[in-house]
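In order, the protein sequences belong to chains A and B.
Per our numbering, the first sequence starts with residue 1, numbered consecutively.
Per our numbering, the second sequence starts with residue 229, numbered consecutively.
Hints listed in this document are in silico derivations from the structure and should not be mistaken for laboratory results.
Treat the hints with caution; some may be incorrect.
Unchecked claim - Here are the computed distance ranges between Cβ atoms for each label pair:
| id | chain 1 | residue 1 | chain 2 | residue 2 | range |
| --- | --- | --- | --- | --- | --- |
| 1 | A | Thr225 | B | Pro257 | 21 to 29 Å |
| 2 | B | Ala263 | A | His159 | 48 to 56 Å |
| 3 | B | Asn305 | A | Gly12 | 56 to 64 Å |
| 4 | A | Gly12 | B | Leu256 | 22 to 30 Å |
| 5 | B | His283 | A | Glu114 | 42 to 50 Å |
| 6 | B | Asn305 | A | Asp177 | 30 to 38 Å |
| 7 | B | Val267 | A | Gln132 | 44 to 52 Å |
| 8 | A | Glu161 | B | Leu274 | 50 to 58 Å |
| 9 | B | Ala280 | A | Trp34 | 30 to 38 Å |
| 10 | B | Asp296 | A | Cys113 | 45 to 53 Å |
| 11 | A | Glu114 | B | Leu256 | 24 to 32 Å |
| 12 | A | Glu31 | B | Val282 | 26 to 34 Å |
| 13 | A | Thr225 | B | Val282 | 25 to 33 Å |
Nothing here was measured: the structure is a model prediction, and the numbers come from that model.
Beta carbons are placed, not taken as given, at the ideal position from N, Cα and C, and that holds for glycine.
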Amino acid sequence: MSVRVGVVIFPGTNCELDVQHALEQFGGHTEVLWHGEDTIRGVDAVVVPGGFAHGDYLRTGAIARFSPVMHAVGEFARSGGPVVGICNGFQVLCEAHLLPGALQKNAGLKFLCETAELRVETTTTALTNLAQVGDVLRIPINHFEGNYVCDERTLTELHAENRVVVRYTDNPNGSLDDIAGICNAEGNVVGLMPHPERASDDLLGSSDGVVLLKSLLAAATSRATLLV
Amino acid sequence: MRTPGRRAAVGSIVTMPVFNAHVEVTHLPGIADPAGATVERALPALGYTNVAQVHIGKTIRLAVDAPDAESARAQVNEMCERLLANPVIEAYEVVIS
Numbered sequence: 001m002s003v004r005v006g007v008v009i010f011p012g013t014n015c016e017l018d019v020q021h022a023l024e025q026f027g028g029h030t031e032v033l034w035h036g037e038d039t040i041r042g043v044d045a046v047v048v049p050g051g052f053a054h055g056d057y058l059r060t061g062a063i064a065r066f067s068p069v070m071h072a073v074g075e076f077a078r079s080g081g082p083v084v085g086i087c088n089g090f091q092v093l094c095e096a097h098l099l100p101g102a103l104q105k106n107a108g109l110k111f112l113c114e115t116a117e118l119r120v121e122t123t124t125t126a127l128t129n130l131a132q133v134g135d136v137l138r139i140p141i142n143h144f145e146g147n148y149v150c151d152e153r154t155l156t157e158l159h160a161e162n163r164v165v166v167r168y169t170d171n172p173n174g175s176l177d178d179i180a181g182i183c184n185a186e187g188n189v190v191g192l193m194p195h196p197e198r199a200s201d202d203l204l205g206s207s208d209g210v211v212l213l214k215s216l217l218a219a220a221t222s223r224a225t226l227l228v
Numbered sequence: 229m230r231t232p233g234r235r236a237a238v239g240s241i242v243t244m245p246v247f248n249a250h251v252e253v254t255h256l257p258g259i260a261d262p263a264g265a266t267v268e269r270a271l272p273a274l275g276y277t278n279v280a281q282v283h284i285g286k287t288i289r290l291a292v293d294a295p296d297a298e299s300a301r302a303q304v305n306e307m308c309e310r311l312l313a314n315p316v317i318e319a320y321e322v323v324i325s
């Protein structure tokens with residue numbers, strides 16, 4: 001039986017179909033989790049995909065965190081369930097305090113839509129468990145607010161606990177410490193600006209995201225096995 | 229202006245004065261402000277070459293039912309911490325009238 005991955009949709013989310021397609025390509029069963037429902041229906045993993053949740057009103061991700069579904073996502077995350085936020089999803093997870101810090105506007109003041117090179121820094125996470133430390137992955141970015149920032153204490157903590165998941169090899173947006181993605185202390189909640197689902201097939205120009213997508217499915221499988 | 233006896237919000241059972249809160253949200257020092265930077269670069273085109281430190285933030289106005297100005301201020305400060313501003317990247321200032 002294939003694992004079930006829930007893909008959260010807010011008004012303004014626009015990457016859910018790409019994420020669903022990419023995960024199903026590798027045997028995952030995906031289902032949409034509507035923001036207005038207060039349940040994640042027992043899925044084995046959750047993806048908060050990219051887009052412009054609630055029109056990015058007030059701040060990116062600021063309103064999305066009040067959606068009923070986010071309460072259930074938070075509970076799932078705190079119980080150890082794999083949760084991955086991609087791009088706007090990363091911003092939502094930060095605003096929901098499931099990850100520390102915030103994403104500010106790109107240092108170059110430009111919207112960036114290009115392929116970035118990422119170095120895998122830790123493999124004890126829901127998104128990188130099948131990768132190797134030092135792997136360099138070519139994965140597209142597509143954002144205006146991708147410039148990660150946090151206070152000094154948080155950065156020290158991220159370093160001490162090995163929670164920088166991926167770094168840019170050539171920082172495109174001014175992100176603090178070249179951070180492209182981070183995780184929580186347990187490694188089950190991961191947020192990153194680049195879009196692994198857009199690097200899921202050679203036809204798309206890169207299939208380097210496959211190892212990340214398969215890692216997520218592996219984390220979902222462990223979760224499903226754990227609960228049986 | 230304090231307007232004693234007027235009800236602002238639906239559901240308040242005890243009639244309380246209404247306070248107007250003016251919240252200004254600005255970027256913390258060092259946080260990117262592309263809108264401000266763009267305007268700063270545009271002003272010299274109109275001959276204003278003596279302008280620097282252009283900053284574009286947000287203004288949020290609220291009417292709050294509260295027993296007194298201090299509790300209104302305390303509540304709006306809390307709203308800022310929890311929603312209106314993100315303390316990681318933004319500062320805020322509350323003026324109650």
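**Prompt:** Per the hint of 22 to 30 Å, is the separation of the Cβ atoms of A/Gly12 and B/Leu256 within bounds?
**Reply:** holds (26 Å)
**Prompt:** Does the Cβ distance between B/Ala280 and A/Trp34 fall inside 30 to 38 Å?
**Reply:** Distance hint for B/Ala280, A/Trp34 is violated at roughly 48 Å.
**Request:** Just tell me: holds or violated, for the beta carbon distance of A/Thr225 and B/Val282 against 25 to 33 Å?
**Result:** Distance hint for A/Thr225, B/Val282 is violated at roughly 56 Å.
**Request:** May I ask you to test the hint 21 to 29 Å on the CB atoms belonging to A/Thr225 and B/Pro257?
**Result:** violated (49 Å)
**Message:** Can you tell me whether the CB distance of A/Glu161 to B/Leu274 sits inside 50 to 58 Å?
**Reply:** Once the Cβ atoms are compared, 51 Å apart, the range 50 to 58 Å for B/Leu274 and A/Glu161 holds.
**Request:** Look at the Cβ atoms of B/His283 and A/Glu114 and judge whether their distance stays inside 42 to 50 Å.
**Result:** Roughly 29 Å apart at Cβ, these two residues miss the hinted range, so it is violated.
**Pairwise beta carbon distance, B/Asn305 to A/Asp177, judged against the given window 30 to 38 Å** = Cβ of B/Asn305 to Cβ of A/Asp177: about 31 Å, so the range 30 to 38 Å holds.
**Request:** Could you tell me whether the CB distance from A/Glu114 to B/Leu256 stays inside 24 to 32 Å?
**Result:** The hinted range 24 to 32 Å holds for A/Glu114 and B/Leu256, with Cβ atoms some 28 Å apart.
**Item:** Range hint compliance [Cβ, B/Asn305 to A/Gly12, 56 to 64 Å]
**Value:** violated (29 Å)
**Asked** Range hint 26 to 34 Å: satisfied by the CB atoms of A/Glu31 and B/Val282?
**Response** violated (47 Å)
**Request:** May I ask you to test the hint 45 to 53 Å on the CB atoms belonging to B/Asp296 and A/Cys113?
**Result:** With Cβ atoms ~51 Å apart, the hint holds.
**Item:** B/Ala263 paired with A/His159, Cβ distance criterion 48 to 56 Å
**Value:** violated (32 Å)
Checked against the numbered hints above, the structure breaks hints 1, 2, 3, 5, 9, 12 and 13 and satisfies the rest.
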